[in-house]
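Asker: Each chain, letter by letter, is given below.
Number of protein chains: 2
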Amino acid sequence: MRDALVAAAFRLFLERGYEQTTVDDIVTLAGVGRRSFFRYFPSKEDVVFPDHERCLADMTAFLAGGAEHEPVRRVCDAARLVLRMYAENPAFSVQRYRLTKRVPGLRAYELSVVWRYEHALAEYLRERFTGRPDGTLRADVIAAAVVAAHNNALRSWLRSDCEDDAGAAVDHALGYVQATYGHGVAPTAPEEQKKRPDGRPGPSARPDEVVVLVSRRDAPLWRVVQELESALGRG
Amino acid sequence: MRDALVAAAFRLFLERGYEQTTVDDIVTLAGVGRRSFFRYFPSKEDVVFPDHERCLADMTAFLAGGAEHEPVRRVCDAARLVLRMYAENPAFSVQRYRLTKRVPGLRAYELSVVWRYEHALAEYLRERFTGRPDGTLRADVIAAAVVAAHNNALRSWLRSDCEDDAGAAVDHALGYVQATYGHGVAPTAPEEQKKRPDGRPGPSARPDEVVVLVSRRDAPLWRVVQELESALGRG
Chain A
48 MRDALVAAAF RLFLERGYEQ TTVDDIVTLA GVGRRSFFRY FPSKEDVVFP DHERCLADMT
108 AFLAGGAEHE PVRRVCDAAR LVLRMYAENP AFSVQRYRLT KRVPGLRAYE LSVVWRYEHA
168 LAEYLRERFT GRPDGTLRAD VIAAAVVAAH NNALRSWLRS DCEDDAGAAV DHALGYVQAT
228 YGHGVAPTAP EEQKKRPDGR PGPSARPDEV VVLVSRRDAP LWRVVQELES ALGRG
Chain B
48 MRDALVAAAF RLFLERGYEQ TTVDDIVTLA GVGRRSFFRY FPSKEDVVFP DHERCLADMT
108 AFLAGGAEHE PVRRVCDAAR LVLRMYAENP AFSVQRYRLT KRVPGLRAYE LSVVWRYEHA
168 LAEYLRERFT GRPDGTLRAD VIAAAVVAAH NNALRSWLRS DCEDDAGAAV DHALGYVQAT
228 YGHGVAPTAP EEQKKRPDGR PGPSARPDEV VVLVSRRDAP LWRVVQELES ALGRG
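Protein chains in written order, with the working numbering: chain A, 48 to 282; chain B, 48 to 282.
You can take every hint at face value.
All copies of an identical chain are treated as equivalent in the list; a pair is satisfied when it fits inside any one copy or across any two copies.
SDA-like mimics (lysine to any residue), calculated; alpha carbons at most 20 Å apart, straight line: (1) K148 <-> S159; (2) K91 <-> L61; (3) K148 <-> A167; (4) K148 <-> Q67; (5) K91 <-> G80; (6) K148 <-> E170; (7) K148 <-> N136; (8) K148 <-> H166; (9) K91 <-> P151; (10) K91 <-> T69; (11) K91 <-> G152; (12) K148 <-> V160; (13) K148 <-> L61; (14) K91 <-> V53; (15) K148 <-> V161; (16) K91 <-> M48; (17) K91 <-> F57.
Everything labelled a hint here was simulated from the structure, so no lab data went into it.
Excised from the complex, chain A in its bound form (with noise of 0.2 Å):
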């Protein structure tokens, strides 16, 4: 019931435009009634959306249970999510992108559909980061630069017709948010970071020591500075 009404929905909107179809018409394709429709949707703008509530749920899930992971890998894993509820139906992912990019209502709904996502990545990195320095404008940044690699590469792939590889694409685009963030913000308790287990004083704990790093001068960067935090027990 719930996948016709979705059906009749966007062949309506597709044959006579969005803003011209009306929820009786929806339902009279579908041959059910009115209230059949509201039980599944809340308004005609939620029909075009069917499956970001689940997600949402599935998304908040994921990361309610990732506290023990690496927590930028763990937000990087949950935006794939997403992802793969776009390209579990890509004929109808391709359909929606054109539809949301004519009807300006339909953007602002998808608008905070992505703020919640935002939200959600946001919160669990900001609890991640709890006590932190900066924890919450460290959250804040992370979650925003995850959602916009994630739809950089997921509108690039619905342009394309769903003929790129959506997968691959994510992944580069989150591996670049991952070699900026994925280390260096890891939280480590402040006193795991003074402390050994012995309880002889750690790394930061000793400021006056130097460090000396050589490196190739043809080595990424993020390499570098990924030696460069080991070297001074931030990694």
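Assemble the complex: chain A is given as a structure, and chain B must be docked to it using the hints.
Answerer: Chain B in isolation, oriented as in the chain A frame:
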């Protein structure tokens, strides 16, 4: 007239609530006709955000004149225009912040405004990064990071009832983004990287060389990375 309409609108929004106030109520209190209202504001929502169109125009003009500047610094400075708009009238900004939090329709409107700022920053960066590897990806991610950092500081300031120093908070937040992206992604033409003006190969054409960096262990990471980039000839 425009200011009088905004003042009348906010007085009513605070007294009766946003949803319970009509455009007729606003023009009656301001002592003008409906036509005057709609000359300045396309809808009731627009009177809540009377300065964003001007600020967006200022930002676009500022970015259009910034082709010679370091791009990440330029978008950070562009974001400061938004802060300045909020800081010009702190009492009004706090009232609006509280109102927007309570009314979902205004929250959606605000998201669309934020998206337009982010889009303006991303378009500028895309132009500056044309032809660079991952140019659009970097542009989108950096624009999103700038907006997230700016808004993190802006919201803290609004929540403090404007008691904190807004400029210092935003400088700190944008400093985090600049330290992350302000070097290394600065577009240098590939030819410049490969050749010196005298035709001899430049730094990145000498992959077999090693670079030695010596750092105090307590130096801030961004400072070390800056030195590192300089040593690698990528600053």
